[in-house]
Amino acid sequence: MKKGFIRINSELCKGCGLCVTACPKALIRTSSKLNITGYHPAEYTEREKSKNRKCTGCALCAIICPDIAIEVFRD
Amino acid sequence: MKKGFIRINSELCKGCGLCVTACPKALIRTSSKLNITGYHPAEYTEREKSKNRKCTGCALCAIICPDIAIEVFRD
Amino acid sequence: MTNTMPKQVFKRPQSLKENVFHYCPGCGHSIIHRLIAEVIDEFGIRDRTVGVPPAGCAVLAYNYIDVDMGEAPHGRAVAVATGIKRVRPDLIVFTYQGDGDLAAIGTAEAIHAANRGERLSVIFVNNAVYGMTGGQMAPTTVLGQITTTTPGGRSALRDGFPLDLSQMLAVARGSVYIERTAVTSPKNIIKTKKAIKKAFQVQMDGLGFALVEILSPCPINWKLSPVESCRWVEEEVVKSYPLGVIKDTTSTQDLVNKVKKGKRRKT
Amino acid sequence: MTNTMPKQVFKRPQSLKENVFHYCPGCGHSIIHRLIAEVIDEFGIRDRTVGVPPAGCAVLAYNYIDVDMGEAPHGRAVAVATGIKRVRPDLIVFTYQGDGDLAAIGTAEAIHAANRGERLSVIFVNNAVYGMTGGQMAPTTVLGQITTTTPGGRSALRDGFPLDLSQMLAVARGSVYIERTAVTSPKNIIKTKKAIKKAFQVQMDGLGFALVEILSPCPINWKLSPVESCRWVEEEVVKSYPLGVIKDTTSTQDLVNKVKKGKRRKT
Amino acid sequence: MTKQLMRGSHVIAEAATRAGCRFYAGYPITPQNEVPEYMSQRFAKLEDATFIQAESELAAINMVMGASMAGVRAMTSSSSPGISLKQEGISYMAGMELPAVVVNTMRGGPGLGNIAPTQQDYFQATRGGGHGGYRTIVVAPCSGQELVTLTIKAFDLADTYRMTVVLLGDGLMGQMMEPVTFPDPIDPATLPKKDWVLDGARDRDSRLIASLILDPVKMEQFNWKLARKYAAICERETQYESYLLDDAVLAVVAFGTAARIAKGAVNRVRKAGVKAGLFRPITLWPFPGKELRALTRTIKHMLVFEMNFGQMVEDVKISVGEQAAVHFHGRPGGIISTPHEIADAITKVMYRME
Amino acid sequence: MTKQLMRGSHVIAEAATRAGCRFYAGYPITPQNEVPEYMSQRFAKLEDATFIQAESELAAINMVMGASMAGVRAMTSSSSPGISLKQEGISYMAGMELPAVVVNTMRGGPGLGNIAPTQQDYFQATRGGGHGGYRTIVVAPCSGQELVTLTIKAFDLADTYRMTVVLLGDGLMGQMMEPVTFPDPIDPATLPKKDWVLDGARDRDSRLIASLILDPVKMEQFNWKLARKYAAICERETQYESYLLDDAVLAVVAFGTAARIAKGAVNRVRKAGVKAGLFRPITLWPFPGKELRALTRTIKHMLVFEMNFGQMVEDVKISVGEQAAVHFHGRPGGIISTPHEIADAITKVMYRME
Amino acid sequence: MGMTKTIFSGFGGQGVLMMGYVLATSGMYEDKHVTYLPSYGAEVRGGTANCTITVSDEPIASPVASFPDFAVLMNTPSLMRFEGRIKPGGTIFLNSDMVELRPKRPDIQVVAIPVNSIADRLGNARGANMVMIGALVQKTGLVSLKSVIKSAKSIFEKKGSKVHRMNTLAIKEGAAFVDGELQA
Amino acid sequence: MGMTKTIFSGFGGQGVLMMGYVLATSGMYEDKHVTYLPSYGAEVRGGTANCTITVSDEPIASPVASFPDFAVLMNTPSLMRFEGRIKPGGTIFLNSDMVELRPKRPDIQVVAIPVNSIADRLGNARGANMVMIGALVQKTGLVSLKSVIKSAKSIFEKKGSKVHRMNTLAIKEGAAFVDGELQA
Ligand SMILES: Cc1ncc(C[n+]2csc(CCOP(=O)(O)OP(=O)(O)O)c2C)c(N)n1
Ligand SMILES: Cc1ncc(C[n+]2csc(CCOP(=O)(O)OP(=O)(O)O)c2C)c(N)n1
Ligand code: SF4
Ligand code: SF4
Ligand code: SF4
Ligand code: SF4
Ligand code: SF4
Ligand code: SF4
Ligand SMILES: [Mg+2]
Ligand SMILES: [Mg+2]
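Protein chains in written order, with numbering that gives the first Met the number 0: chain A, 0 to 74; chain B, 0 to 74; chain C, 0 to 266; chain D, 0 to 266; chain E, 0 to 353; chain F, 0 to 353; chain G, 0 to 183; chain H, 0 to 183.
If we strip away everything but chain A, and leave its shape as in the complex, we get (with noise of 0.2 angstroms):
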């Protein structure tokens, strides 16, 4: 398995959710905060996450993403 992590930007994400359904891994979910534009961003919640829920890099929420808010970083 690939090991990987994302990065989102809250400012540029408009809390769409996108991403949120896309992740395999369900990694990543939507803020209760506002960012500076009014949106609610998305979340990247590996960290809280249990071991076989490890992100893989797979990019696929970055894919998706309208605001091109998630850049992928792979090992």
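Hints are computed from structural coordinates only; laboratory data are not their basis. Possibly wrong hints are sitting among the right ones.
When the alpha-carbon atoms are kept at most 27 angstroms apart in a straight line, the in silico DSS-like pairs for lysine-lysine are as follows [claimed, not checked]:
1) Lys228/E to Lys347/F
2) Lys190/D to Lys24/A
3) Lys1/A to Lys32/A
4) Lys289/E to Lys316/F
5) Lys274/F to Lys299/F
6) Lys2/E to Lys149/G
7) Lys50/B to Lys16/C
8) Lys10/D to Lys24/A
9) Lys2/B to Lys186/C
10) Lys289/F to Lys274/F
11) Lys86/H to Lys270/F
12) Lys32/A to Lys222/D
13) Lys316/E to Lys299/F
14) Lys6/D to Lys53/A
15) Lys193/E to Lys16/C
16) Lys6/D to Lys1/A
17) Lys246/C to Lys53/B
18) Lys86/G to Lys2/E
19) Lys24/B to Lys193/C
20) Lys193/C to Lys246/C
21) Lys149/G to Lys138/G
22) Lys289/F to Lys316/E
23) Lys24/B to Lys238/C
24) Lys44/F to Lys145/H
25) Lys1/B to Lys10/C
26) Lys289/E to Lys289/F
27) Lys2/A to Lys186/D
28) Lys16/D to Lys289/F
29) Lys222/D to Lys44/E
30) Lys2/F to Lys145/H
31) Lys171/H to Lys149/H
32) Lys238/C to Lys186/C
33) Lys86/H to Lys103/H
34) Lys158/G to Lys222/D
Place chains B, C, D, E, F, G and H with the ligands on chain A using the hints.
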């Protein structure tokens, strides 16, 4: 065999020659005269033809005449 | 057998005025005018038919066909006709459009009227050329055909391909009847009349958009004699525009529309 | 195993400016912008690509895609692009048009550019609605869909049927590649990118008219959440607009055009 | 009827409906989308009314042409670029003497421009942007209530003179809400019968509505007929508002939104003792030139204020000749001037005057 | 070069080609079909030229827009109804400051009208029939040879000012043959380089050509920029012909075909001792108003003659104010007046003068 | 009160246009001259919505407010955008639940109201705008609270009596807040 | 000769436009002012074709002829249409092969020429128009016969030397006819 005859209005006729080709009995020809608008009108020639070249009143000549210059009669 | 008076079996239809046609010798327009007038006579609808001729050699159709007529700007006949028909659904509205008119400048109007299923009968006279303006290329001009703007013959690469608008209109779900005919022989003329009649019938039944594309000679601009012109249509033009029914969903529409009929006004 | 630096596997394409998109949350336009930029990067043609965006939500595409851009009046993008491409055949010219733009007001231009086989890549963003002007019915609006001008839902009888312009363009003999995709899931997005890439390739090969129709969410006007919007496309919209290749004659065209290529300038 | 707070575009649509309009075809364009949107709802409830969202502005104006041929009160609306596309159709309707109402909610231009309120289409509206030298009556409302009265009047004028009447507003007029009241709706069946419509040649000769007149002699006769009609309209139909002009030494000349702001400016400078007044053309064509010229007996300075860089000012010049000095203040592009700014402009002119 | 007897439309097409025009898109319409027809042949022989018979006038003007964006000298031509359809495109080109030449071979209107020569589109051409209050330079030739010089000049002006130049003729100008001579052709490669064209962002930032300016402040700045450009053109580019005006007491003011006939009339009345002259605007916009006004020092009567029912007469009035009486003689619809008729009109004015 | 101009500004979903509409309707009920001018422009997506309401005893020349008397600012971008434009001596009504910043100008008054909290407490999360309008008119006297309640009735009654009741309550709570009767 | 206007009229196929073109070209070769104005109007089909040629020593104001000096009328409809418009003292050149009627006006001259017969006799049936133009200039001196032959050369040479030779002959025969040297 039905019997018919036609009447060509030579002032309406523009000498297009379509009736000439359409008549299955070859009863129409283009006149060498000019009408007032400068066309060589079609001429009905039944009288000149032999017995078995009789007009049947099929109206094919009239159907194709673009200028409705032909009236068709049947006995 | 008694001697009877000869009976006139072919004469000018009643819905055609007495005026002499202004068309060139061998032009198909006047044949088509006559067929329309015959159909109007046969249906007995002269007093509730409205025609819409746009610019084109047949813009003067109102000098011949004896029904109410409203002129349309070049290409916009179906739009004008839509306006008339929508506010007076009891009228029978037909347009009479050339190929330049319908397949070039009026493409959008044609497609959208078909798509909306406007209850119109469109008489689409395809003579593969802009007749009225002196024989320029039309979208329907066939490959290699010489016109005043394709002096070397139409080239697919520069000028595009012969456009089959009827096929495109058939894609539109609101069109229910589209047929292509020709007025190049008595047989074809008789078929054309049948098609025109059906296009009117479809409207009277409220089924949707109906169109007859008629291949029609333009000897003067083709630089052929009328007789050669007819032959050229039958031998060459039909290769790009094959004759026959292109779409006919009248039987299925019939059912669909039985339910909906009469509702248009309200929607 | 040695420890390596993490490698960035997804980032902003180079041909995309840094500006923040002005689109609504979940809008498909920005995804499509990114895909175009990626394709331009991958072909390395940023310095010879010209884009033509007409009015529509994406009229500001020039704020994002970093190539030369010329704005077109609403509906006329392919005509403007034709002017550019014909005088500079060495440039790669694409248009970026909404469904209102291409399938309503620009219908005639679309069909005739396709028919002439203009060497253009058309990105046709179908969101079944007029986005920019606030969600009125588009020709592509599906039956029953509520918009600001179809408050009771689109009715076939009053408003016409969902218009399948791509199918009509496929009838035009000058179109060589037409595919319909969607940007509703990573898988569909990847397919869309492939299609865009092919549409550019077709132009670079000089084969003819290429178009990608992309079903794209407009959550704000559909009054659905972005996630619901994607689902609605995949479950409902595709019934009117099935995904897949609609026309692909690139393999046969290839042969035809080998002979003709380079000749356009002269003709 | 009770007062209602309504958006200008909705007011137009409602007033049109009450005027007996039963056909609307249009195409979306900001800032007037609320007209078709309202119409699509309103007409859905009427048995005898048709709303069509056309495939383009061209199609829309031509549908209106057809509906008008069939005798129904018909309307289309758009904003500047869309109005440009309708010019051929408007010219045809002039040539066929067909009544219709065309609403132009002007926006910034040229080209795509922006959607802010401007008055940049004055020439297009008053000079006939289409070919053939026809005219259209142009009315320019400046308040919600006037949107009601002028929309209704537009339909009446259109029928009376068998021609297009343009209602020339802007985004501000279209988007702003003000309280309005409406008169009772007119039943279209009660409108005067038209004896020229296409409705089937029943018990009469077939009719023709066409603009093609091949014979130059007849074409000329027709054009002179139009010219006479236009002259009669100039005689009868000019409409304007005078505000505080009796003792004024300077008249601001402005229409529509600009006139509203100018009125505020006049009020301002009056407080400072400056004797300014406002002359507001309500019909832009026919332009109330005679009335304006009459003012020059006492008023020697005209300050034309337009939200463009100078169009109506030409009509003012033609009207007043050299009987008064004509000054101009313009704002092209969508900036809405403040009364303060116009008051300044007035003061400057007055200063130079002395 | 030797003289050639050539039809006006062919002269325009040939002159355009020699001016370096390399893109033509058009749509047939009488009486100017000979322009596209000639172009289709002429361009077929040039390696670097493109002729497109567009699917409509709309498509044609937008193709021209594209070609102009790409830096090529581009032209379209049409006649009145077709020109109406191009108004949106022309407005866009004004908003994008794109050069182009648009030929309008005017015919009778409004609507479909007829194909006889008229001057009914003066307003449309000089006031910008499209939206947004832009201007186009308008040149009005009155002879075959002037078709040559003004067509070439049109391309130069278009490039200099980055705007549309309208060549305003009529069916008579387009159909008539006269002997003409042409200058040597210009090689487009030798024309001044344009630093704003879309040709791929190679070694430079990407470029944008657009008319959308959302911010009203910037939109207004752009419009003032246009206004300044237009003012500069008014300053520099007016062109006119004076004929026998030095000792004249009456000036006929006419352009194009009408001016030709007016000149004949002036010659006629001169023989009878009547001191009339001709003032012929060659640029209709910018209108040579200052020059015309200067004449009023000695000339107190202007007889405006137009083949319409009164359009340029407004510009004459604006120019001369009340310094001279402005009379009008019009023929709308395609009747070509005789010099005799105009001589009569002159005599009548003279008679009333005394 | 002569003529007063009020700007309402916030995110799309915060109901700013409705606030303006309620105020303008109230003015109409009081037979005042009123204009309501929304910022229009769907041609560009995103950003904030705002509208300007003029309430006046005389006819209104310009419905635009270059220098509004009052500004109701529902989010931070709105504050940043409009702070500089308020007329000296004017008042800003701030949604303190959404805006942490405070205006810096010394020549204007600020009324900070936690409208979201109040609305939430009323179990009417979407009624924050009604809380605000109640506060606004109570503080400014632009129109009477009675008129506001009347216009809210005319607007919301068709949406069901519950909506109407809840909103009336919200309006009253907003008014009560500025009267110092309430702490959020 | 000052300024003269000539109208040519006939059926489409009779080459009337070519006659006008030859005359105008000839005038140009003589450095005269010339205009050629065809009746245009493909917008209506059928009818007769005509054109007006003005040849002048001074600049030409109007290329239109309300009252032409000369009229070349190749068929009966043309005679009917133009007879009334010829300037008093003017001349009609009539194709007597096609027109049986004769003008009734006493104030004009008529030259009747059987141009078809002459052309047929020359074996150049399509050259009737050239016969006519030869006759016209010979009779009127509008331009010299030499110029006509020169312009015919410039026009027809590209169509092959035979066409050119035959047409030159036709021109000369037309001229000879009016000189009375020929009877048809
Ligand atoms: C807007 C506009 N453009 C062009 C024309 C000129 N025009 C008149 S008819 C016509 C086309 C004629 O071709 P078609 O429609 O095929 O009819 P046809 O004469 O061949 O029967 C054109 C281009 C016009 N009248 N209006
Ligand atoms: C001539 C003209 N008509 C109308 C408009 C207004 N307008 C701008 S964009 C647009 C359509 C937007 O819909 P679409 O093309 O589907 O693009 P989307 O915004 O949905 O992406 C319209 C009607 C215009 N700018 N110009
Ligand atoms: S890269 Fe793949 S696994 Fe990682 S967060 Fe994104 S979608 Fe989830
Ligand atoms: S897809 Fe992008 S914009 Fe949408 S929630 Fe995720 S990060 Fe935010
Ligand atoms: S009716 Fe028939 S048989 Fe008789 S002439 Fe006509 S075509 Fe010939
Ligand atoms: S078909 Fe008619 S027009 Fe043609 S030649 Fe025969 S009669 Fe004459
Ligand atoms: S030009 Fe062609 S279409 Fe027109 S009348 Fe002549 S033959 Fe018929
Ligand atoms: S309106 Fe629709 S298409 Fe436009 S930006 Fe918003 S979501 Fe995208
Ligand atoms: Mg045709
Ligand atoms: Mg869309």
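Hints, one by one, checked against the model:
1. Lys228/E to Lys347/F: holds (26 angstroms)
2. Lys190/D to Lys24/A: holds (22 angstroms)
3. Lys1/A to Lys32/A: violated (31 angstroms)
4. Lys289/E to Lys316/F: Holds, at roughly 15 angstroms.
5. Lys274/F to Lys299/F: holds (12 angstroms)
6. Lys2/E to Lys149/G: Distance ~14 angstroms between Lys2/E and Lys149/G Cα, so the pair holds.
7. Lys50/B to Lys16/C: violated (38 angstroms)
8. Lys10/D to Lys24/A: Within the cut-off at roughly 20 angstroms; holds.
9. Lys2/B to Lys186/C: Roughly 21 angstroms separates the two Cα atoms, so the pair holds.
10. Lys289/F to Lys274/F: The hint holds at about 22 angstroms.
11. Lys86/H to Lys270/F: holds (21 angstroms)
12. Lys32/A to Lys222/D: With Cα atoms ~23 angstroms apart, Lys32/A and Lys222/D stay inside 27 angstroms; holds.
13. Lys316/E to Lys299/F: Status holds; Cα separation ~19 angstroms.
14. Lys6/D to Lys53/A: holds (17 angstroms)
15. Lys193/E to Lys16/C: Cα-Cα ~25 angstroms, so holds.
16. Lys6/D to Lys1/A: Since the Cα atoms of Lys6/D and Lys1/A sit roughly 12 angstroms apart, the hinted pair holds (cutoff 27 angstroms).
17. Lys246/C to Lys53/B: Status violated; Cα separation ~42 angstroms.
18. Lys86/G to Lys2/E: violated (31 angstroms)
19. Lys24/B to Lys193/C: holds (26 angstroms)
20. Lys193/C to Lys246/C: Given that 27 angstroms is the threshold and the Cα spacing comes to 15 angstroms, the pair holds.
21. Lys149/G to Lys138/G: holds (18 angstroms)
22. Lys289/F to Lys316/E: Since the Cα atoms of Lys289/F and Lys316/E sit roughly 15 angstroms apart, the hinted pair holds (cutoff 27 angstroms).
23. Lys24/B to Lys238/C: violated (30 angstroms)
24. Lys44/F to Lys145/H: It is violated: about 35 angstroms lies between the C-alpha atoms, which goes past 27 angstroms.
25. Lys1/B to Lys10/C: Measuring from Cα to Cα gives roughly 18 angstroms; hence the hint holds.
26. Lys289/E to Lys289/F: holds (26 angstroms)
27. Lys2/A to Lys186/D: holds (21 angstroms)
28. Lys16/D to Lys289/F: Not OK: Lys16/D and Lys289/F at ~50 angstroms, beyond 27 angstroms, violated.
29. Lys222/D to Lys44/E: Judged against 27 angstroms, a Cα distance of about 24 angstroms means the pair holds.
30. Lys2/F to Lys145/H: Roughly 18 angstroms between the alpha carbons, so the hint for Lys2/F and Lys145/H holds.
31. Lys171/H to Lys149/H: holds (12 angstroms)
32. Lys238/C to Lys186/C: holds (19 angstroms)
33. Lys86/H to Lys103/H: holds (14 angstroms)
34. Lys158/G to Lys222/D: Answer holds: Lys158/G to Lys222/D is near 19 angstroms, not above 27 angstroms.
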